[in-house]
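Protein chains in written order, with this note's numbering: chain Y, 226 to 698; chain L, 226 to 698; chain R, 226 to 698; chain V, 226 to 698.
Since the hints were made in silico from the structure, they are not lab data. Remember, it's a predicted structure, so these values are computed and weren't measured experimentally. Take the hints with a grain of salt, since some may be wrong.
As the list makes no split between identical chains, a pair holds if one copy fits it or if it spans any two.
Derived lysine to aspartate or glutamate pairs resembling EDC-like cross-links, with alpha carbons at most 16 Å apart [as the list claims (entries may be wrong)]:
#	residue 1	residue 2
1	K520	E532
2	K363	E345
3	K414	D486
4	K414	D278
5	K468	E443
6	K462	D442
7	K528	E566
8	K520	D486
9	K363	D486
10	K671	E443
11	K356	E282
12	K468	E686
13	K363	E648
14	K591	E563
15	K263	D486
16	K671	D442
17	K281	E648
18	K462	E443
19	K304	D326
20	K671	E648
21	K462	E274
22	K671	E552
Number of protein chains: 4
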Amino acid sequence: MEIYKIYVGGEFMETNFPLDVQNPYNNEVFARTFLSGKNELEIAISRAESVLDELKEIPVYQRYEILLQISESLKMERKRLAGILAQESGKPLKYALGEIDRAAQTFLIAAEESRRIPGEFLSIDWVPSGKGKEGWVKYFPLGLIAGIAPFNFPMNLAVHKIAPAIAAGNAIILKPARSTPLSVLELAKIIDNTSLPKGAISILPMDRKAGNQLVTDERFKMLTFTGSPEVGWKMKKDAGRKKVILELGGNAGVIITESADIDLAVQKCLVGGYAYSGQVCIHVQRIYVQDSVFKEFSGRFNKKVRELKFGDPLDPETDISVMIDTENADRVENWIKESVEDGAKILLGGKKQGAYFEPTVLTNTKKEMKVCSLEIFGPVVAVERFSGFQEAIDLVNGSNYGLQAGVFTNLVSEMNSAFNQLEVGGVIINDVPTFRVDHMPYGGVKESGMGREGVKYAIREMLEHRLLVKNIN
Amino acid sequence: MEIYKIYVGGEFMETNFPLDVQNPYNNEVFARTFLSGKNELEIAISRAESVLDELKEIPVYQRYEILLQISESLKMERKRLAGILAQESGKPLKYALGEIDRAAQTFLIAAEESRRIPGEFLSIDWVPSGKGKEGWVKYFPLGLIAGIAPFNFPMNLAVHKIAPAIAAGNAIILKPARSTPLSVLELAKIIDNTSLPKGAISILPMDRKAGNQLVTDERFKMLTFTGSPEVGWKMKKDAGRKKVILELGGNAGVIITESADIDLAVQKCLVGGYAYSGQVCIHVQRIYVQDSVFKEFSGRFNKKVRELKFGDPLDPETDISVMIDTENADRVENWIKESVEDGAKILLGGKKQGAYFEPTVLTNTKKEMKVCSLEIFGPVVAVERFSGFQEAIDLVNGSNYGLQAGVFTNLVSEMNSAFNQLEVGGVIINDVPTFRVDHMPYGGVKESGMGREGVKYAIREMLEHRLLVKNIN
Amino acid sequence: MEIYKIYVGGEFMETNFPLDVQNPYNNEVFARTFLSGKNELEIAISRAESVLDELKEIPVYQRYEILLQISESLKMERKRLAGILAQESGKPLKYALGEIDRAAQTFLIAAEESRRIPGEFLSIDWVPSGKGKEGWVKYFPLGLIAGIAPFNFPMNLAVHKIAPAIAAGNAIILKPARSTPLSVLELAKIIDNTSLPKGAISILPMDRKAGNQLVTDERFKMLTFTGSPEVGWKMKKDAGRKKVILELGGNAGVIITESADIDLAVQKCLVGGYAYSGQVCIHVQRIYVQDSVFKEFSGRFNKKVRELKFGDPLDPETDISVMIDTENADRVENWIKESVEDGAKILLGGKKQGAYFEPTVLTNTKKEMKVCSLEIFGPVVAVERFSGFQEAIDLVNGSNYGLQAGVFTNLVSEMNSAFNQLEVGGVIINDVPTFRVDHMPYGGVKESGMGREGVKYAIREMLEHRLLVKNIN
Amino acid sequence: MEIYKIYVGGEFMETNFPLDVQNPYNNEVFARTFLSGKNELEIAISRAESVLDELKEIPVYQRYEILLQISESLKMERKRLAGILAQESGKPLKYALGEIDRAAQTFLIAAEESRRIPGEFLSIDWVPSGKGKEGWVKYFPLGLIAGIAPFNFPMNLAVHKIAPAIAAGNAIILKPARSTPLSVLELAKIIDNTSLPKGAISILPMDRKAGNQLVTDERFKMLTFTGSPEVGWKMKKDAGRKKVILELGGNAGVIITESADIDLAVQKCLVGGYAYSGQVCIHVQRIYVQDSVFKEFSGRFNKKVRELKFGDPLDPETDISVMIDTENADRVENWIKESVEDGAKILLGGKKQGAYFEPTVLTNTKKEMKVCSLEIFGPVVAVERFSGFQEAIDLVNGSNYGLQAGVFTNLVSEMNSAFNQLEVGGVIINDVPTFRVDHMPYGGVKESGMGREGVKYAIREMLEHRLLVKNIN
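Looking at chain Y on its own, in the form it has when it is part of the complex (with noise of 0.2 Å):
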């Protein structure tokens, strides 16, 4: 059994609590880890403050090539951490494999913009007071950020996090998910070769408890939270003074309507729906079907939908796997049971298997149902009906989160309306919720979060505005 040690302020160090991480797919211990205590927490904080103003001063051209060397390690790797990722996250090789090369993307854009952070100029002169006067605006580093990851996208929600940090010129301590430490410390081992100064960066799988610490101590600036909508906003109350960022959930919807490509809509979301058992904050849960194409659509979604392929996350031709654990299936079994008893209807799928649960297709719901109103973080997908476009919006609105939503239209005036009313980060048209590139702004209004990622985004995040108001002459 492989033992990894964790990253505490560029040091690998074993601690008093082992942490076995198991293969949700057969339930083997196959690696086991530790969990940060108080001393080691301690020891990352105290390292990151010592090395804050060296990572203030790192030319632009150095910063460039530490972020350029992690990409290209991961690159490098690809094969080898996909394998690791998959067996700790049950998630299969393909899009375990497109994880990673996300990742390395995800730095690679971290290094260009590391370049590019910006400046600002400004005449003061305005009013007679500011005669001879001009501002100039530079962005300085926040300081040390605390970072939280989830277990669904254990690396590239983490690299989101740090690769920013790095090229904003901050510190980071990231806890990743308890049960999806090792691909991320294997970035640990990468990021220790480069010439980052030791202490920028930890990486401490710690209990909720211990790990309450990132949010309350005022040493951190910064809080950025990857997770679910409950324990997000109870952090922001918890977090003092610092600025908090939250990557939460939500119930996406798509609208498909009578003039989209009904063969483009039936694919993209069986993956939108589907990929890594639905386990994903922009999982397609909601479709929303215009009248006139209604049986057309689901005639189609339902026959891919049955031949999605159960397997072992490492068979490179597995479509969907086991979900993290079996408490979520029951939860994800529960939920349905619930909405079946109050009038849902199950197309497809519906049962489990231990961890795994199958493709499963409901209509009939309710916008009360769980299965509906909640983030059911599983293979669930509920299919129904609208006439006009107008209430298709409104059903989408019919929501607590506002993460991202698709549309598939070839109308003007749609687009215009999706766009202007639906209460979301993000509008994809003629492709589902689920779309996200590494590069592109990324984040929730209403419940699902505040704040955005997005490499150039996350870095803005993680920079205070400075002004220089000086004379002219």
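Given the coordinates of chain Y, work out where chains L, R and V should sit on it, guided by the hints.
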């Protein structure tokens, strides 16, 4: 008969070359002004050069107040000025009032933009040789500018050169069209009442030969010309080292598809086609209608054209009046005659009386006919059919010009194709190419010009780039 | 005694909770207004929510005209309004007039910025999965905003919340300070005369307990607070899911080096130190002077301080008048007493009479003394020595606060060090930290706040990001 | 003797016009290539035109990969390529290696910038006529570009045209200097190995007469020329409708004040004055030293100049080698002779041997002498005195040229005056005007050129503006 002195380097003067101004509607000479000779131009140039340093250093709040005062004065005198403009140009009063309002708006925008002259920050240390350095870019005025304005918007197209020149800190010598010098000489009086240093602005009517010095004299750092393509491109050749901005004409096309709102299209094409007798750079000259809606569109359009009311430009009810002179009406008549001989069909109009040319609708034209391939600058529109959208794009692109184009559609795919493929400076969806607001970027591609106006964009053209590289520490 | 109704969702109302307003100079109650109860607040909230959609869709030209009309009205009524402001706050008339002028300017800037709400384009096809797609970002209003304004700039600091809210398309409920509600209720009348939908703005004096609902009610999407650090940071904790902007105070420092223009420094420090009795967030509290020029500076400075003229705030000659209340004067007296016991020396002033506190100069202070470490918010300045420039930087940074700092120097290297190292939101070269114009980004780091005001920046904080990803073809 | 085919529209060809390439150090002909005739140029043009649509539609990720592949190949072959460059140009190896590294960097920057082609959003409804509309600007490739590169940086100055052309989606036909065609023909081989559509790039040596078609042929939409002022300005006249970018030379000046770090100034002036025998557009030609430090500076400077090591360009130790040809060495000799006759004094050097010209220091020059007023393009520097800073500014500005200027100072006021008053494209504080990194905006004012290079800026020049106005709802 009113006498208008010309505005020479901050002083109102008479010269030895009187210029009588007549009303093209009744051929009455109603005012006299003067042509500038070599001497007056020399005075204007040397006074302009002597205030360049002062202009550059005016604080932003003073620049803003000067521009705002001009804007306010135009608003207060709009009726009187519109009357003068209507008389010198034959432009119906309702359009003349609109032009004065737009000139006031153009100065207001210039006031606001004068506060927002941009700067730029860039990190320099992308490579080791740049270590310890950073860059700041600021924009500086070019110096003395030569502006040449046309007869068709004698006020606002002159203002599109004068207002940005003031906002950017430049001096400008403006030559109005010989037929329409009065409204802009009224503007000179308004400008003279501000605290702008005398010499910054000169308004000098002159004949083309004398005007040639504006093109060739190296003391001018920029020539900004609005007028005909032949004249414009010739000027570029003769302009020496100075920067050249050309706002030339075109033969603008509109596409009306079957997803369009036909009533809207009819109403917009009516104004686009016949306002000021089509003497507008972005006049609707070619309308391409999809087969399935051709009959509906052309029926309603022709009916509306028939209802246009001819009359005295000073009559507020007048829709259409005379053209600028009989030479132009003759030219239009000849082009139409030629086209008919080659197979075109006149659906409406086609006749002239003195300088008045009837609103005319042609069909069965060919792209080589002058009525299609050249800028007609008269109240003539060709209405033709197309079947597929790509055909419509190709028809609009089958021209040497490329100023703006209009597309009436509700399909995203057609909007995208139009934007990607139409070789023009501006694509207007669900409106005519004649659409312009004064702050939008405006200017042509192909033989329709080079450079951009629209206040912010004109200001940028009138500034030059200067980089400061300095040490960071 | 004049009665001021409060402005509840577009309606002027009396309530059951009268609030008498007194002139702190003569303790005379000269006006009466009312505190909002739960009911009035509920009316204000529900009316605001009912106009959110309408506000979002106001065309830019109407938004602009509304803001401009308010700005013009403030200019026209400046004398009357300044008189009211002087009476409620004890602010000398010359500063009160300046504040009304600034409020007019703030609305004007908001008008201009309302035209320039940004958007963003990004190519999406950086990776094959984004092929055929492009992204457009637009910014949408947050919805309902809660604003809390302080007594020290009762008009302009309220306007810094109201004007951006209107420009961005939001509704706002503003709570003025209990001691100074009148000038902003005058503003309510001006706003009520515009075509802004009723309900968009409410001005509600209330006690802190009632005001707590502004912090906790989830129907508010943002809380923007200007006031004291303790109150502000407590609010952040209680604010639920809403965004929080805090504009708090500080203990601003100035550095005067031997390359400085000493006369300029003296003149600027005089205003920065004693205007409105130092009740200014960016009041000059600490002056650090380089050894070689210490004597020269302090000699001239003390002489000027002695000449400050005390009097009635309504007297145009008055330089300094009373503080906002005797409690504050008492607090200042106690802090000085404590500092003297701990070794500080009073060079000038140090005494109080009722709410009047003499302009005071201290020296020999230590950084732990309250007069240095806390925000004194009174007419008290400590003047101290330093030898090397790095020492001066460290002295200014030796504080929990970081709003602005001033540096008098002519050396590039010192300007650079100041900008790179001073932990503040704004570094003002050759002027005092008290320097502010209303369009510049303004706000603190460390315990001085989070987020930025300055019209354009406040507007950005009041908008949320929405990405459209669409097909290119 | 190696044979280099020329690169005609994606094909390597020989022609009937052989061109022998010789090493200016030993006059040995070491390679042969060919001049393009009319036929080859016609092939290149027509192939370029045939791939324009394809180039425009390459997705960003492919464009990026192509540019990156070229950058990587240059890095891998740097030694071999630097050797070829050194031989064809006589440039000492250490500088030749630096040039290849910069070319790789230039391609890398172009890759990154190709992802960031900008767009712009603007609200259109500033006036009622724009109600319900919004505007989006995108930038489109111009089409076919003609590039003309000089001998002095045969690789990197060609790359500054080719890399932005690829990034922007244009085709380009590049004419290298006749004396130095080889390194860029090596680049052609590298480009040919990528997936860039054949025809997008042609590299065609030709004589000036043939090259004239690059200037006059209207199928080219832009001419971008780097070379001498006389030739450049003549081209502008003949360029027809195409856009013209001119990167010409100058007679760059440096100011050294008494607050400067003299050692730094000496070291920087040494490289700025003599690298590649001064055959650099931003070569330090005029050094103005403040009286009080004149003696110190010139003593140390002359000492360092004396130590420069002459030798074979292929010797890694060589500091200075031959000029490009004896004609140029003769010209430099004549100019110096003329200046001495008119009163100038030679402090060092002044002699030639074949194409080698000694590093030369002059003093007592006058601004009218050719050694001061024209671009010397040789290893000659004039060192003169000034007393006040304004005098130094005037001395630098007393020139027809304005490319870059250097100022060694530690005073804010002098930095400000330099930035505000020096009539140049770039002011370099505490470094020589010779400073350039490849991403910074670069280009001259006055007779030194028009338009800007520096990858991002060159890309912008190679794009045209297209506005989409569309309905919002």
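Comparing the hints with the structure gives:
In this homomeric assembly, K520 and E532 never come within 16 Å of each other (Cα to Cα): the closest approach is 19 Å inside a single copy and 51 Å across copies. When the C-alpha separation of K363 and E345 is checked against a cutoff of 16 Å, the pair qualifies both within a copy, at 7 Å, and between copies, at 11 Å. Within a single copy, K414 and D486 get their C-alpha atoms no closer than 46 Å, and across copies no closer than 44 Å, so neither meets the 16 Å cut-off. In this assembly of identical chains, the alpha carbons of K414 and D278 never lie at most 16 Å apart, being 23 Å within a copy and 46 Å across copies at closest.
In this assembly of identical chains, K468 and E443 lie within 16 Å of each other by CA distance solely inside one copy; the values are 10 Å within and 19 Å between copies. Proximity of K462 and D442 under a CA criterion of 16 Å is satisfied in both settings, with 13 Å inside one chain copy and 14 Å between copies. Taking the shortest alpha-carbon separations for K528 and E566, neither the intra-copy value of 26 Å nor the inter-copy value of 64 Å comes in at or below 16 Å. In this homomeric assembly, K520 and D486 come within 16 Å of each other (Cα to Cα) only inside a single copy, at 14 Å, whereas the closest approach across copies is 31 Å.
In this assembly of identical chains, K363 and D486 lie within 16 Å of each other by CA distance neither inside one copy nor across copies; the values are 47 Å within and 26 Å between. For the homomeric pair K671 and E443, the shortest alpha-carbon distance between copies (11 Å) is at most 16 Å, but the shortest distance inside one copy (27 Å) is not. Taking the closest pair of Cα atoms, K356 and E282 come within 16 Å of each other only across two copies (10 Å); inside a single copy the shortest separation is 33 Å, beyond that limit. For a Cα distance limit of 16 Å, the shortest separation of K468 from E686 qualifies both inside one copy, at 9 Å, and across copies, at 14 Å.
For the homomeric pair K363 and E648, the shortest alpha-carbon distance between copies (13 Å) is at most 16 Å, but the shortest distance inside one copy (33 Å) is not. Within a single copy, K591 and E563 get their C-alpha atoms as close as 11 Å, which meets the 16 Å cut-off; across copies the closest is 67 Å, which misses it. Taking identical chains as interchangeable, the C-alpha atoms of K263 and D486 are never at most 16 Å apart, the minima being 55 Å within one chain and 50 Å between chains. For the homomeric pair K671 and D442, the shortest alpha-carbon distance between copies (14 Å) is at most 16 Å, but the shortest distance inside one copy (27 Å) is not.
Taking the shortest alpha-carbon separations for K281 and E648, only the inter-copy value of 13 Å comes in at or below 16 Å, while the best intra-copy value is 38 Å. In the homo-oligomer, the alpha carbons of K462 and E443 lie at most 16 Å apart both inside one protomer (14 Å) and across protomers (13 Å), since each shortest distance falls under that limit. Taking the closest pair of Cα atoms, K304 and D326 come within 16 Å of each other only inside a single copy of the chain (10 Å); across copies the shortest separation is 32 Å, beyond that limit. Proximity of K671 and E648 under a CA criterion of 16 Å is satisfied intra-copy only: 8 Å inside one chain copy versus 33 Å between copies.
Proximity of K462 to E274 under the C-alpha cut-off of 16 Å is found in neither arrangement, the shortest distances being 25 Å within a copy and 25 Å between copies. Proximity of K671 and E552 under a CA criterion of 16 Å is satisfied in neither setting, with 28 Å inside one chain copy and 43 Å between copies.
In summary, the numbered hints that this structure violates are 1, 3, 4, 7, 9, 15, 21 and 22.
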